[in-house]
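Engineer: If you read the protein sequences in the order shown, they are chains A and B.
The first sequence maps to residues -17 to 270 in this note's numbering.
The second sequence maps to residues 33 to 332 in this note's numbering.
No wet-lab data here; the hints were simulated from the structure.
Take the hints with a grain of salt, since some may be wrong.
[What the hints assert, rightly or not] Across the chosen pairs, the derived CB separations fall in these ranges:
1. A/267 to B/87: 53 to 61 Å
2. A/83 to B/252: 31 to 39 Å
3. A/89 to B/70: 44 to 52 Å
4. B/70 to A/163: 53 to 61 Å
5. A/88 to B/239: 49 to 57 Å
6. B/161 to A/232: 54 to 62 Å
7. B/162 to A/83: 39 to 47 Å
Every residue, glycine too, gets a C-beta built ideally from N, C-alpha and C.
Spelled out from the first residue to the last, the chains are:
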Amino acid sequence: MSARISQKRLLSALAVSSLFLTACGSDAASTDAAAETTTAADACAGVKTITEGKLTIATGEPAFPPYVIDDKPESGEGFEAAVAMAVAKEMGFDAAATTWVRTAFDAAIAPGPKDFDFNLQQFTITDERKAAVDFSDGYYTAPQAIFGLKGSVAAGAKSMADLAGLKIGVATGTTSVTYVEETIKPTNAVAVFNDNAAVKVALESKQIDAVVADLPTALYITAAEIEGTQVFGQIAGSGTDQFGLLMSKDSPVTPCVNQALAAVKASGELDTITTKWMSEYTSAPVIG
Amino acid sequence: VSADGSVPAPIAGPVTGTFAGQSSSTGRRAQFDAAERRRGLIVATASTVATIAAVSLALPQLPGWDRVQTTFFSWKYFTGSFDDLWAPFLLNLKLFIITSPCILAVGMLVAVCRNVRSPALFPLRLFAWLFTTVVRGVPVILWIYLIGFGVPGLFQVRAWYSKGIFWGGVALVMCYSAYVAEVFRAGIESIHESQRAAARSLGLSPRQTMMTVIIPQAVRRVIPPLMNDLVSLQKDVALVSVLGIVEALRRATILKDRSFNFTPYVSAAVLFLLVSVPLTLLTDWMLSAERRKTGGTAVR
Chain A
-17 MSARISQKRL LSALAVSSLF LTACGSDAAS TDAAAETTTA ADACAGVKTI
33 TEGKLTIATG EPAFPPYVID DKPESGEGFE AAVAMAVAKE MGFDAAATTW
83 VRTAFDAAIA PGPKDFDFNL QQFTITDERK AAVDFSDGYY TAPQAIFGLK
133 GSVAAGAKSM ADLAGLKIGV ATGTTSVTYV EETIKPTNAV AVFNDNAAVK
183 VALESKQIDA VVADLPTALY ITAAEIEGTQ VFGQIAGSGT DQFGLLMSKD
233 SPVTPCVNQA LAAVKASGEL DTITTKWMSE YTSAPVIG
Chain B
33 VSADGSVPAP IAGPVTGTFA GQSSSTGRRA QFDAAERRRG LIVATASTVA
83 TIAAVSLALP QLPGWDRVQT TFFSWKYFTG SFDDLWAPFL LNLKLFIITS
133 PCILAVGMLV AVCRNVRSPA LFPLRLFAWL FTTVVRGVPV ILWIYLIGFG
183 VPGLFQVRAW YSKGIFWGGV ALVMCYSAYV AEVFRAGIES IHESQRAAAR
233 SLGLSPRQTM MTVIIPQAVR RVIPPLMNDL VSLQKDVALV SVLGIVEALR
283 RATILKDRSF NFTPYVSAAV LFLLVSVPLT LLTDWMLSAE RRKTGGTAVR
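Kindly produce the complete structure, drawing on both the sequences and the hints.
Structural biologist: What follows is the structure, given as structure tokens:
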């Protein structure tokens, strides 16, 4: 652990404690955690990772841009790779002391021993999910967006009412399903697919009119994965979902991860990372 | 005599005795049998209770039990998920009810094709052989993927005949009829050649022989294995979820993704059991009925 990092930690300690006190809701468990952190001053002192002296970070398989470039998170290239590396550094682990592993969505959230210290693959923070896993504070907020084939009926959608008339598809494992069913309330049953390849075939065979996903994912898929598609727009008022780092329930590293994330935010590094990787992935007309 | 519950002495007298003095030895035999049954019941009950007790005492001792219990057996999510699961489960049921008669019909057709004996109709036999061999050689889920995504792409319009669920159903009919065809074929081939000979000597045509003599006997004989395939189909209809269709399994996945709690899967399992257990019991009953009719006396 270098002196520089310790100093940085001390500087951020005050910001961290206040953030913890405000960030924690009514949840009894997290209030306890906050109390511990504030008294301990440095949540990362003697933190126990799953492999001693190493920080194991997990992401999805495959990981895709803009979150991870070229499916190589070790490089730190890509938004989530960079966020993970910044948080790791703040926790006292330099690039050489971090290991990346891949987990399927379900393996990340199932009970039982985990092979990662924290996991990031655009997990949306919800109170209900907090009963099953630990989340850090949010590191990004993404609106929902709708995309489909250029020139299709869905391309002309201007309002929520227009969207409700469409046959909408989503990828499984996302909060987009809930968003579509509870907010757009389409007249046709939502189609839920296992992966983007299935979404593509469904679009091309006109099984569905359009797909709903978070905006950066939608922009990436339309630009790189499915030819002839475009993002029709981001949906007004949908930008409330926050992505958080996921830890196993009551993980010993949670307070430390939160402290490190708060420091990355306070120093402006998160803003720099966000601007660098996400600025191309935020522009789309607003629908509704 | 048996009411006092006392365990009688072991088998009295040589086996030959049972054949000699009919009246007295039948009484002792019955007494012995009753005692054996009682003893068996006590042992079975005791061992069942002991096993359940051991499992229910040992499981909570495991370090992760609390976590697993709240994740997979949360009462709140169990009862809460049924509201969301009923409607999609009806879709599973509908698909099952529509596909099963189609499967029986196609399966029978293929089985009969495999049994045609006229040389001119050899292509039919060849087709039936190819169909059962190739179709059974590929996983069901793969057929559903290939047909359910591939065929609708041909139409480029959204209509009943281009829906994923329609072609998913077609894929299920195709796969299961290949298995069912083999069951029917086994039934047809199990009917003794003398039945055919007798029917033909009575002046029935080959077609009449098949329709009125062979098939009725064959079907009766293969009903239990057919039910077995239907029980299997009842669960495999959930595979159409890969086509984007939100049926019970997919709805459970959505609920799980929302809450990160896996209990909705257990709820879905219970729904499938509600249908498959009665089907299985019916199969068992049919099997024993068939055995009572055709088999000899049971050996103990």
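Engineer: Against this structure, judge whether each hint is valid.
Structural biologist: Hints and how they fare:
no.	hint	verdict
1	A/267 to B/87: 53 to 61 Å	holds, 59 Å
2	A/83 to B/252: 31 to 39 Å	violated, 57 Å
3	A/89 to B/70: 44 to 52 Å	holds, 51 Å
4	B/70 to A/163: 53 to 61 Å	holds, 58 Å
5	A/88 to B/239: 49 to 57 Å	holds, 55 Å
6	B/161 to A/232: 54 to 62 Å	holds, 60 Å
7	B/162 to A/83: 39 to 47 Å	holds, 46 Å
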